[in-house]
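Here are the chains, one letter per residue:
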Amino acid sequence: DAGITQSPRYKITETGRQVTLMCHQTWSHSYMFWYRQDLGHGLRLIYYSAAADITDKGEVPDGYVVSRSKTENFPLTLESATRSQTSVYFCASSEAGTAQYEQYFGPGTRLTVT
Amino acid sequence: AQSVTQLGSHVSVSEGALVLLRCNYSSSVPPYLFWYVQYPNQGLQLLLKYTTGATLVKGINGFEAEFKKSETSFHLTKPSAHMSDAAEYFCAVSDLYSSASKIIFGSGTRLSIRP
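So the sequence lines, in the order shown, correspond to chains A and B. If you read the first sequence in the numbering used here, its first letter stands for residue 1, the second for the next number, and so on. If you read the second sequence in the numbering used here, its first letter stands for residue 1001, the second for the next number, and so on.
Treat the hints with care, as some may be off.
Computed beta-carbon distance windows for the label pairs [claimed, not checked]:
1. B:Ser-1084 x A:Ser-28: 41 to 51 Å
2. A:Tyr-101 x B:Ser-1112: 28 to 38 Å
3. B:Thr-1052 x A:Asp-56: 46 to 56 Å
4. B:Thr-1005 x A:Gly-3: 42 to 52 Å
5. A:Thr-20 x B:Leu-1018: 40 to 50 Å
6. B:Thr-1005 x A:Val-65: 29 to 39 Å
7. B:Asn-1041 x A:Tyr-101: 46 to 56 Å
8. A:Lys-70 x B:Gly-1016: 29 to 39 Å
9. A:Tyr-101 x B:Pro-1079: 28 to 38 Å
10. A:Glu-95 x B:Tyr-1039: 20 to 30 Å
Some chain A residues near chain B, calculated using beta-carbon distances under 8 Å [to be verified]:
11. His-41
12. Gly-42
13. Tyr-48
14. Ala-51
15. Ala-52
16. Ile-54
17. Thr-55
18. Gly-58
19. Pro-61
20. Gly-63
21. Tyr-64
22. Phe-90
23. Gly-97
24. Ala-99
25. Glu-102
26. Gln-103
Cross-link-like lysine to aspartate or glutamate pairs, in silico, EDC-like; alpha carbons within 16 Å at most [as the list claims (entries may be wrong)]:
27. B:Lys-1049 x A:Glu-102
28. B:Lys-1102 x B:Glu-1088
29. B:Lys-1049 x B:Glu-1064
30. B:Lys-1049 x B:Asp-1095
31. B:Lys-1069 x B:Asp-1085
32. B:Lys-1102 x A:Glu-14
33. A:Lys-11 x A:Glu-102
34. A:Lys-70 x A:Glu-59
35. B:Lys-1102 x A:Asp-53
36. B:Lys-1102 x A:Glu-72
I should point out that these hints are in silico values taken from the structure, not numbers from a laboratory. This one's a predicted model, so the numbers in the text were calculated from it and none came from an experiment. Every residue gets a Cβ at the ideal spot worked out from N, C-alpha and C, and that includes glycine.
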């Protein structure tokens, strides 16, 4: 299907485990983003990528790792999950990197760390 | 530094009534302003945006917002609420021509519609 997809949609993991959230887009957008959504905080940017093999930190990158070997995929890895990383994670993509270009969001992954 | 404040974490209106969701921002330079909507269990979707030009911006689903520089506001309105408008709404701000990585989102306002 065309668009931007995320998997899994729901994930429960234990403290200390590694978990990877997947994001896939079919538009060949150059820019991709990872956000976390927490009550009272809105969306906060974790990492973003301008192109394959180009990534950069956002506002809250600590505890997360990203990679982008292919334009269409942008996985987010929590190397050692903590309870504070319980959140809803959204991936987004954009045709270009300036703010005037619309970001298209995936449906989100709800992650619970026990 | 930029910031955005959404007044009211929860707004409830009757079906057919006016919807008014408030957003105030701070920015030292001309801003881009956005409203996004998030329906239950879905990602965010752009409702409308202000970049430059006309200060009254019309978006999808009958929503509009007016950029008021003197009041540093970008309130979202809809003349007549529909049940399908129930969702979370986010205001966002960035500097004119800045990177998309610099967009700051508000904490959101949940809109409920009473039958």
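Structure-based check of each hint:
1. Under the hint 41 to 51 Å, the C-beta atoms of Ser-1084 (chain B) and Ser-28 (chain A), about 32 Å apart, miss the expected range.
2. At roughly 32 Å, the beta-carbon separation of Tyr-101 (chain A) and Ser-1112 (chain B) lies within the given 28 to 38 Å, and the hint holds.
3. One distance hint, 46 to 56 Å for the beta-carbon pair Thr-1052 (chain B) and Asp-56 (chain A), is violated here, with the actual separation near 27 Å.
4. Here the CB-CB span from Thr-1005 (chain B) to Gly-3 (chain A) is close to 32 Å, at odds with the stated 42 to 52 Å.
5. At about 45 Å, the CB distance of Thr-20 (chain A) to Leu-1018 (chain B) agrees with the hint of 40 to 50 Å.
6. Taken as a hint, the range 29 to 39 Å holds for the pair Thr-1005 (chain B) and Val-65 (chain A), whose Cβ atoms sit roughly 32 Å apart.
7. In this structure the hint that Asn-1041 (chain B) and Tyr-101 (chain A) lie 46 to 56 Å apart at CB is violated, the actual value being about 26 Å.
8. For the pair Lys-70 (chain A) and Gly-1016 (chain B), the supplied restraint of 29 to 39 Å is violated, since their beta-carbon distance comes to about 49 Å.
9. Against the hinted window of 28 to 38 Å, the Cβ-Cβ separation of Tyr-101 (chain A) and Pro-1079 (chain B) comes to about 29 Å, which satisfies the hint.
10. A hinted range of 20 to 30 Å holds for the C-beta pair Glu-95 (chain A) and Tyr-1039 (chain B), which are about 23 Å apart.
11. Because the smallest distance between the Cβ of His-41 (chain A) and any Cβ of chain B comes to about 6 Å, under 8 Å, the interface hint for this residue holds.
12. Interface hint status for Gly-42 (chain A): upheld, as the beta-carbon distance to the closest one in chain B is roughly 4 Å, under 8 Å.
13. Evaluation of the Tyr-48 (chain A) hint against chain B yields a held restraint, the C-beta minimum of about 5 Å falling below 8 Å.
14. Annotation: Ala-51 (chain A) was flagged as interfacial toward chain B, and the flag is violated, the nearest CB pair being 14 Å apart, outside 8 Å.
15. A distance limit of 8 Å between C-beta atoms decides the matter here; for Ala-52 (chain A) the minimum to chain B is near 17 Å, and the interface restraint is violated.
16. Proximity of Ile-54 (chain A) to chain B is violated relative to the hint, the smallest CB-CB distance being about 12 Å (cut-off 8 Å).
17. Against a cut-off of 8 Å between C-beta atoms, the interface hint on Thr-55 (chain A) is violated, since the closest Cβ of chain B lies about 11 Å away.
18. Here the hint on Gly-58 (chain A) is kept, as its CB sits about 6 Å from the closest CB of chain B, short of 8 Å.
19. Taking 8 Å as the C-beta cut-off, the interface hint given for Pro-61 (chain A) is violated, the closest approach to chain B being about 11 Å.
20. Using the Cβ-Cβ criterion of 8 Å, the hint placing Gly-63 (chain A) at the interface with chain B is not satisfied: the shortest such distance is roughly 19 Å.
21. Because the beta carbon of Tyr-64 (chain A) sits about 15 Å from the nearest beta carbon in chain B, more than 8 Å, this interface hint is broken.
22. A hinted interface residue such as Phe-90 (chain A) counts as satisfied when its beta carbon comes closer than 8 Å to some beta carbon of chain B; here the least separation is about 6 Å, so the hint holds.
23. For Gly-97 (chain A), the suggested interface contact is upheld, since its CB lies about 5 Å from the closest CB of chain B, less than 8 Å.
24. A hinted interface residue such as Ala-99 (chain A) counts as satisfied when its beta carbon comes closer than 8 Å to some beta carbon of chain B; here the least separation is about 4 Å, so the hint holds.
25. For Glu-102 (chain A), the interface hint holds, since its Cβ comes within 8 Å of a Cβ in chain B; the closest pair sits about 5 Å apart.
26. Of the supplied interface hints, the one on Gln-103 (chain A) holds, with its beta-carbon coming within about 6 Å of a beta-carbon of chain B, less than 8 Å.
27. For the hint pairing Lys-1049 (chain B) with Glu-102 (chain A), the CA-to-CA distance comes to about 9 Å; that is within 16 Å, so the pair holds.
28. Between Lys-1102 (chain B) and Glu-1088 (chain B), the direct Cα distance comes to roughly 21 Å. Violation of the 16 Å bound is thereby established for this hinted pair.
29. Straight-line distance between C-alpha atoms of Lys-1049 (chain B) and Glu-1064 (chain B) comes to about 9 Å, which keeps the hinted pair within the 16 Å bound.
30. For a cut-off of 16 Å, the pair hint linking Lys-1049 (chain B) to Asp-1095 (chain B) stands: about 13 Å separates their Cα positions.
31. Between Lys-1069 (chain B) and Asp-1085 (chain B) the alpha-carbon distance is near 27 Å, which puts this suggested pair outside the 16 Å criterion.
32. As the CA atoms of Lys-1102 (chain B) and Glu-14 (chain A) are separated by approximately 32 Å, the hinted pair breaks the 16 Å bound.
33. Among the hinted pairs, Lys-11 (chain A) with Glu-102 (chain A) is inconsistent with the structure: their alpha-carbon atoms are about 28 Å apart, more than 16 Å.
34. This hinted pair does not check out: Lys-70 (chain A) and Glu-59 (chain A) have alpha carbons roughly 24 Å apart, beyond 16 Å.
35. Among the hinted pairs, Lys-1102 (chain B) with Asp-53 (chain A) is inconsistent with the structure: their alpha-carbon atoms are about 20 Å apart, more than 16 Å.
36. Between Lys-1102 (chain B) and Glu-72 (chain A) the CA atoms are separated by roughly 22 Å; this puts the pair beyond 16 Å, and the hint is violated.
In summary, the structure is inconsistent with hints 1, 3, 4, 7, 8, 14, 15, 16, 17, 19, 20, 21, 28, 31, 32, 33, 34, 35, 36 from the numbered list given earlier, while agreeing with the others.
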